[in-house]
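Student: Residues per chain, in single letters:
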Amino acid sequence: MPSKCSAKCGRNAVLKRPKTGDSLCKECFFEAFENEVHFTVTKAKLFKPNTTVAIGASGGKDSTVLAYVLKLLNEKYDYKLKLFLLSIDEGITGYRDDSLDTVKQNRDDYDIPLKILSYKDLYGWTMDEIVAEIGRKNNCTFCGVFRRQALDRGANLLKVDYLATGHNADDIAETVLMNILRGDVARLSRCTSIITDSGDGIPRVKPLKYCYEKEIVMYAYFRKLVYFSTECVFAPNAYRGHARILLKDLEKIDPAVIMNIIHSGETMKVSEHSKMPTLTKCTRCGYVSSQEICKACVLLEGLNKGLPRLGIGKSSKVKRILEENEKLKGASCNGEDNKCLCSGNDLKPSKFNDLKI
Amino acid sequence: MKITVEFSGGAELLFNNKKSHDVDLPDKDTNWTIANLLLWIKDNLLQERPELFLQDNSVRPGILVLVNDTDWELLGCLDYKIEPRDKIIFISTLHGG
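Those protein sequence lines, which keep their order, are chains A and B. Position one of the first sequence corresponds to residue 1 (the working numbering), numbered consecutively onward. Position one of the second sequence corresponds to residue 1 (the working numbering), numbered consecutively onward.
Warning: the hint list may mix true and false statements.
[Said to hold, decoys possible] Output of the computed footprint for chain B on chain A, the stretches with three or more beta carbons under 8 Å from beta carbons of chain B:
hint: 1; segment: 8 to 18
hint: 2; segment: 212 to 221
hint: 3; segment: 246 to 258
Bear in mind the hints are in silico, worked out from the structure with no lab data behind them. For glycine and all other residues, C-beta sits at the position ideal for the given N, C-alpha and C.
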């Protein structure tokens, strides 16, 4: 016998919520899920009215649910937001080709304008080309660093007021675990923030921060939302996968661990005695960085100089190699290749000038 | 006993990329439960990397199970007694978003 909805509406329950343990019917679940996102948005004052929001859209479950719910709440509660979908094409054959079709479907289904920017446009390299250079062990480092900046650069080019991403509670708990496992105190102290700034004044916000992955997938399923779900072909070696497996095993014992890890991350305070890197701006591209030259520019320099492992290891080693390269400057580079960073030129290709929406 | 088994959210990749399978479970003396069904799926439908679908005699954590559009956690999980014409769906949440 199916159990009845905990909200006492008389209907049969369709799912057990991991967050509360409640059994809810479809309608009460939709209402609870949407209300909680609305509560998150209003309590953290995520958006000011009459502003534009770019939704980082991958075609996956999280960004699809984010786009759907933000559009719904924007209309229901009159947030007065102008929404856009912003997609990044990493240039991974067979992965983004199909997922970008899904984003286009989102664009049509939800009637939200879409902009697609590619790694090739932004950095001069596709992920396929990068994997050919670096192999499959550290490729996720490149992809992750480039993607983070790609969304920032995209938001900047589109001149939006906010960049919203689909990070869910499981993602945040995973990131907390990863930063603990790596001893990365600086990231640990900021990874749970619901609003972060990348130095360009465009806040990055996470409206699904407290939504469990299970609920996001159930929401998409019951709402019949179309999303794309093929694993990135390069992902099996990603470090995040280990944290994810650990988290999923813990969740099986008690689903509350996800909220508990986020709560721990939020309330943890870094000792005043610990040495923290000061955030500054990259001297090459201007993006926020803890080093003189940001990780993306270091990785790019490595790729363009045929030293693809540059930037994978310690930053002190990178500094030494960069200094050596600096001495050779002019001797080996003719400056004509727009991929070359040794001239320190702005990376933005001029064709983005007409990207305004 | 005829039932429908579906795989989605990326889980279909382990099943020849086929999402919906109409299956006819052989008759047996005791009831078919999801626990039995998982073993049957492993022997009859699963094409590759069983460790990505099964773990400790259950589905791998992160794979959601619905029986006739109801969360199996409301129906006794592995002990649910399968009925004819049931539709059992396995949705992976383990893929990127």
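Student: Please flag the earlier hints that this structure goes against, numbers listed from lowest up.
Tutor: Violated hints: none; all satisfied.
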